[in-house]
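Each chain, written out:
Protein chains: 2
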Amino acid sequence: MRDVAIIGIGLVRFGELWEKPLRDLAADAALKAVADAGVDHIDSIVVGSMAGGILVEQEHIGSLLADYLGMGPVPATRVESACASGGMAARAGFIEVASGMSDIVLVAGVEKMTDVSGEVVAAAMATASDQEYEAFYGVTFPGLSAMVARAHMERYGTTAEHLAAVAVKNHANGALNPMAQFRNAITVEDVLGSPLVADPLHMLDCSPVSDGAAALVLCPLEMAKKIAKKAVVRVAGVGAASDTIALYRRDDLTRMSAIERSAQRALQMAGKTPADMHCFEVHDGFTIMEILAIEELGLVARGQGGPATAAGLTARGGKFPVNPSGGLKSKGHPVGATGVSQIAELVIQLRGEAGDRQIKGARMALAQNMGGSGGSSVVHVLELCAP
Amino acid sequence: MRDVAIIGIGLVRFGELWEKPLRDLAADAALKAVADAGVDHIDSIVVGSMAGGILVEQEHIGSLLADYLGMGPVPATRVESACASGGMAARAGFIEVASGMSDIVLVAGVEKMTDVSGEVVAAAMATASDQEYEAFYGVTFPGLSAMVARAHMERYGTTAEHLAAVAVKNHANGALNPMAQFRNAITVEDVLGSPLVADPLHMLDCSPVSDGAAALVLCPLEMAKKIAKKAVVRVAGVGAASDTIALYRRDDLTRMSAIERSAQRALQMAGKTPADMHCFEVHDGFTIMEILAIEELGLVARGQGGPATAAGLTARGGKFPVNPSGGLKSKGHPVGATGVSQIAELVIQLRGEAGDRQIKGARMALAQNMGGSGGSSVVHVLELCAP
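Taken in order, these protein sequences are the chains called A and B.
Residue 59 in this note's numbering is what sits at position 59 of the first sequence, and the numbering runs on without skipping anything.
Residue 123 in this note's numbering is what sits at position 123 of the second sequence, and the numbering runs on without skipping anything.
Hints listed in this document are in silico derivations from the structure and should not be mistaken for laboratory results.
Warning: the hint list may mix true and false statements.
Stated by the list, open to error - In silico EDC-like links for lysine to aspartate or glutamate, alpha-carbon gap of 20 Å or less:
#1 B:K229 - B:D40
#2 B:K20 - A:E132
#3 A:K20 - B:E154
Unchecked claim - Okay, the calculated bits of chain B under chain A, using three or more residues with CB under 8 Å as the criterion:
#4 53-65
#5 69-77
#6 127-133
Note that the Cβ used here is the ideal one computed from N, Cα and C, for glycine as well.
Please construct the entire structure, taking both the sequences and the accompanying hints into account.
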């Protein structure tokens, strides 16, 4: 396999972007990434997007983006793995460059979620769960995540305040991120005082419904050393894993084994341990999921994710800074864009371009993106190359 | 890049399979492919599927299939490129093996289309076109293809009888294929006497709405030579290309440039020409599309696809046998399954297992799978390895 580098990133600020259709969002992020990379052509496009069929009645998004960018006839395809669609698209782009099939690959992630009613969004998101055994019976994603949170509370004594601490930290980070959807700091009291969505999850435990896009330009490391305009970031490891799509089939509701397994694969490929990482972006679709993520990544012992978060372990100045971007909670969660935007944030951090939210001295970082209730997970380990 | 081989194939007979949900169809084809390959494990899964969100309210189909097969925690992802989703999934599987990321990759294609009304199917298929500039204004896929057919008639004198000759040939082939949805021979008169769907396309010019699945097992060629239970088929070349997603933006309505470009890439990789191929599976979603395909592949001069078909050039006993399986027209077109099933048919032909429809002495073959109105196309060149 060839070594692969990221030489360009592009982000659209997430939010309720009513003035822009899906194609504009994707193209805006893609053109920023191409400009950031300074390349004059692209050999192939991979787009991560989850639910364009239901949300905007548009599939065939690879062809759409190639066309709208004026990049046809390059190969263009779409990858989907529910909320992990973006991370899986990055993995597909990595493999395409590593294989030698293509040299310069554009990876984009996009979702357009706010053109439809909340009911349609809920139905679209429910397609990430097991339709026949979960969604059909009316359970939604907040409901599934609430069951996980309740199980964690019962088993380990995790509290609503622990959950809230995740949201408080992530909003504190997002307040410093000009590309975040919500840039307001919040308190534990704000979270506990916000409406219950699915007990024990309050509104401020949940990531928002967002429009947005993100993009990366990948190429072989050897090429990157010659053509990159900015510091080169190597993709040191990539790992993906699946688990039962339905939550009821798990042995243990307090585990997300796909996170652990995808991280093990990626870290093994990189020859690193979690302790080697200087910062993390993890999939906090709901606050409980960040607590599970840091447990599955081995940053804390099982059951200790809540108290560790409340104690500041994962804050910007803590031992393991998690979600310096603000995470899904504060930065926003346009589903297909999320995994790509996590990697983009880490590239910004490794390049030292993160301004007020910069993790000082960050040279290695890990991104973890999850689909559904942990039915899929994908992890990327990134490393700053010596100048 | 590592050389890649196909060591197993699995097919579900296409049709109106009301007794089986999507997951069963995909799992049935996958288990047949695994049994055909004789492998005891799979390292990764790629699923091609187009419109599960709209048609069966299920995305996250990679995770679903891994789970339902009991193959979790293997990485599992879904690839979509409208009607080319299956072929693009095969390409992704090829790249994953070629890269060294995974050794044994299961590629599945699946679509479940007959659980909803015709209106919902038409709306789902329209998401392969440009939603904002085509589908929104009410044009459907038969309508788009009819415009292409009309342009070809005006430019080259192609007739309704020429179009019908494609359907007649493909039904003659499909009648010999136990896995085909429609196994009845038809005549030119039958086609011309069938209801007009979109002038000049009659009902029998259109591929049907189908349920179905198909699967392949890929591995490195060197491994295949050691473990394969049957004759080994090498993937000698793979090519994909995009074009404008909307038809109105084309310079020439009688061209499908993505087909030509994807074939050029695949043939160049294989070091072969179209004349080296002993049989072809091409994307006859509508009869006009097979005529365009054989022109874009260079089997006939531009404009000559109709007369050449009527003269028997592409019949089983002709110079260039096209769609020995019966094609989309007779074999059925469960969208995400189609591209995978084309490759499976060619493996059957190259192994010499095609029974009454066997193309004698076939050692090289080409599969061409198209998305939308030619917004994407993917071509695979397959070669029988010497025993």
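Checked hints:
For the hint pairing B:K229 with B:D40, the CA-to-CA distance comes to about 12 Å; that is within 20 Å, so the pair holds. For the suggested pair B:K20 and A:E132, the alpha carbons sit about 12 Å apart, so the restraint of at most 20 Å is met. Taken as a hint, the A:K20 and B:E154 pair is broken in the structure, with Cα atoms around 39 Å apart against an allowance of 20 Å. Check on the stretch 53-65 of chain B: 11 of its residues sit with their Cβ under 8 Å from a Cβ of chain A, so the three-residue criterion for coverage holds.
Counting residues of the stretch 69-77 of chain B whose CB lies closer than 8 Å to any CB of chain A gives 7, so the stated coverage by that chain holds, three being the minimum. By the rule of at least three residues with a Cβ nearer than 8 Å to a Cβ of chain A, the coverage given for the stretch 127-133 of chain B holds, with 6 such residues.
In the structure shown, a violation is registered for the earlier hint numbered 3 alone.
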